[in-house]
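Sequence order for the protein chains is B and R. Each residue of the first sequence is one higher than the one before, starting from 1 at the first, in the numbering used here. Each residue of the second sequence is one higher than the one before, starting from 1 at the first, in the numbering used here.
To be clear, the hints were calculated from the coordinates, so they are not data collected in a lab. Keep in mind that this is a model prediction, so the values were computed, not measured. No residue lacks a Cβ here, since even glycine has one placed at the ideal position from N, Cα and C. Possibly wrong hints are sitting among the right ones.
To be verified - Here are the simulated BS3-like pairs of lysine-lysine, each with C-alpha atoms no more than 27 Å apart in a straight line: (1) R:Lys-64 to R:Lys-41; (2) R:Lys-20 to R:Lys-64; (3) B:Lys-63 to R:Lys-66; (4) B:Lys-57 to B:Lys-42; (5) B:Lys-79 to R:Lys-66; (6) B:Lys-68 to R:Lys-14; (7) B:Lys-69 to B:Lys-57; (8) R:Lys-64 to B:Lys-57; (9) R:Lys-41 to R:Lys-55; (10) R:Lys-14 to B:Lys-104; (11) R:Lys-66 to B:Lys-42; (12) R:Lys-64 to B:Lys-42; (13) R:Lys-55 to B:Lys-79; (14) R:Lys-14 to B:Lys-42; (15) R:Lys-20 to R:Lys-55; (16) B:Lys-104 to B:Lys-68; (17) B:Lys-68 to B:Lys-42.
Unchecked claim - From the structure, some residues in chain B lie toward chain R, with a derived Cβ separation under 8 Å: (18) Arg-37; (19) Pro-40; (20) Lys-42.
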Amino acid sequence: EDQVTQSPEALRLQEGESSSLNCSYTVSGLRGLFWYRQDPGKGPEFLFTLYSAGEEKEKERLKATLTKKESFLHITAPKPEDSATYLCAVRTNSNSGYALNFGKGTSLLVTP
Amino acid sequence: GAVVSQHPSRVICKSGTSVKIECRSLDFQATTMFWYRQFPKQSLMLMATSNEGSKATYEQGVEKDKFLINHASLTLSTLTVTSAHPEDSSFYICSAELTGRDTEAFFGQGTRLTVV
Numbered sequence: 001e002d003q004v005t006q007s008p009e010a011l012r013l014q015e016g017e018s019s020s021l022n023c024s025y026t027v028s029g030l031r032g033l034f035w036y037r038q039d040p041g042k043g044p045e046f047l048f049t050l051y052s053a054g055e056e057k058e059k060e061r062l063k064a065t066l067t068k069k070e071s072f073l074h075i076t077a078p079k080p081e082d083s084a085t086y087l088c089a090v091r092t093n094s095n096s097g098y099a100l101n102f103g104k105g106t107s108l109l110v111t112p
Numbered sequence: 001g002a003v004v005s006q007h008p009s010r011v012i013c014k015s016g017t018s019v020k021i022e023c024r025s026l027d028f029q030a031t032t033m034f035w036y037r038q039f040p041k042q043s044l045m046l047m048a049t050s051n052e053g054s055k056a057t058y059e060q061g062v063e064k065d066k067f068l069i070n071h072a073s074l075t076l077s078t079l080t081v082t083s084a085h086p087e088d089s090s091f092y093i094c095s096a097e098l099t100g101r102d103t104e105a106f107f108g109q110g111t112r113l114t115v116v
């Protein structure tokens, strides 16, 4: 059975304090790993798609990396507006069509 | 990025009534859309895959007679919660994918359903 595990569940950072969020996965044939940001009461906002080990993508203060077993979302010098829940999802050969299998998310709080 | 619009954002209904939620892809065509459900502090759980012009595919444990899905066009899918009960209260989110150089899955804003 495909599994997606995110850690930590919650993370509190000081503004400017860089850190990384982890997403480990056990799947039967990865067809893409997705990162999203979700604000309270809102739908997920697309950040990145990664397809193969060694791939990296960047967007402003965020950088996503992928290995054969896990993905990291690195946050460099975060600001309070980066506070949100970050979701990791995988699409695999066992999913129906293109549906995504989500982890439970990491709730990030960045304090001034 | 592409825009997926979901309406309404919030709805309160009485037990036993039905509620319809719309999901539109505003600037692209989506032959397939997905409906998810999210409980507080939990992740998104796939309910069903909505296919334009054909019947939806439901995940195990999801009652297809309760959660009616209609994908009438390439830009619109609807989810109708029939005979709603308080336990149906949840956050419902739809998504659609845009395939290009990379495949990006875009989500609607979500609908907070409260059944009283």
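These are the hints, each one checked on the structure:
For the suggested pair R:Lys-64 and R:Lys-41, the alpha carbons sit about 25 Å apart, so the restraint of at most 27 Å is met. For a cut-off of 27 Å, the pair hint linking R:Lys-20 to R:Lys-64 stands: about 14 Å separates their Cα positions. Taking the CA atoms of B:Lys-63 and R:Lys-66, the gap is near 41 Å; set against the 27 Å cutoff, the hint is violated. Using a Cα cut-off of 27 Å, the hinted pair B:Lys-57 and B:Lys-42 holds, with the two alpha carbons roughly 24 Å apart.
The straight-line distance between the Cα atoms of B:Lys-79 and R:Lys-66 is roughly 43 Å, outside the 27 Å bound, and the hint therefore fails. At most 27 Å may separate the alpha-carbon atoms for a hinted pair to count; B:Lys-68 and R:Lys-14 exceed this at roughly 48 Å. Simply put, B:Lys-69 and B:Lys-57 have alpha-carbon atoms about 17 Å apart, close enough for the 27 Å limit, and the pair holds. Of the supplied pair hints, the one linking R:Lys-64 and B:Lys-57 is violated, its CA atoms being roughly 39 Å apart against a limit of 27 Å.
For a cut-off of 27 Å, the pair hint linking R:Lys-41 to R:Lys-55 is broken: about 31 Å separates their Cα positions. Annotation: proposed proximity of R:Lys-14 to B:Lys-104 is violated, straight-line Cα distance about 30 Å (limit 27 Å). At most 27 Å may separate the alpha-carbon atoms for a hinted pair to count; R:Lys-66 and B:Lys-42 meet this at roughly 24 Å. A hinted pair counts as satisfied when its Cα atoms are at most 27 Å apart, and R:Lys-64 with B:Lys-42 qualifies at roughly 25 Å.
With a C-alpha separation of about 45 Å, the suggested pairing of R:Lys-55 with B:Lys-79 is violated against the 27 Å cut-off. Between R:Lys-14 and B:Lys-42 the alpha-carbon distance is near 24 Å, which keeps this suggested pair within the 27 Å criterion. Under the criterion of a C-alpha separation no larger than 27 Å, the hint pairing R:Lys-20 with R:Lys-55 is consistent with the structure, at around 17 Å. Simply put, B:Lys-104 and B:Lys-68 have alpha-carbon atoms about 20 Å apart, close enough for the 27 Å limit, and the pair holds.
The straight-line distance between the Cα atoms of B:Lys-68 and B:Lys-42 is roughly 31 Å, outside the 27 Å bound, and the hint therefore fails. Residue-level restraint check for B:Arg-37 is violated (minimum Cβ-Cβ distance to chain R is 11 Å; threshold 8 Å). This hint is violated: B:Pro-40 has a C-beta 10 Å from the nearest C-beta of chain R, more than the 8 Å allowed. Interface restraint check: B:Lys-42 against chain R, minimum CB-CB distance 6 Å, threshold 8 Å, status holds.
Going down the numbered hints, you'll see the structure goes against 3, 5, 6, 8, 9, 10, 13, 17, 18, 19, while the others check out.
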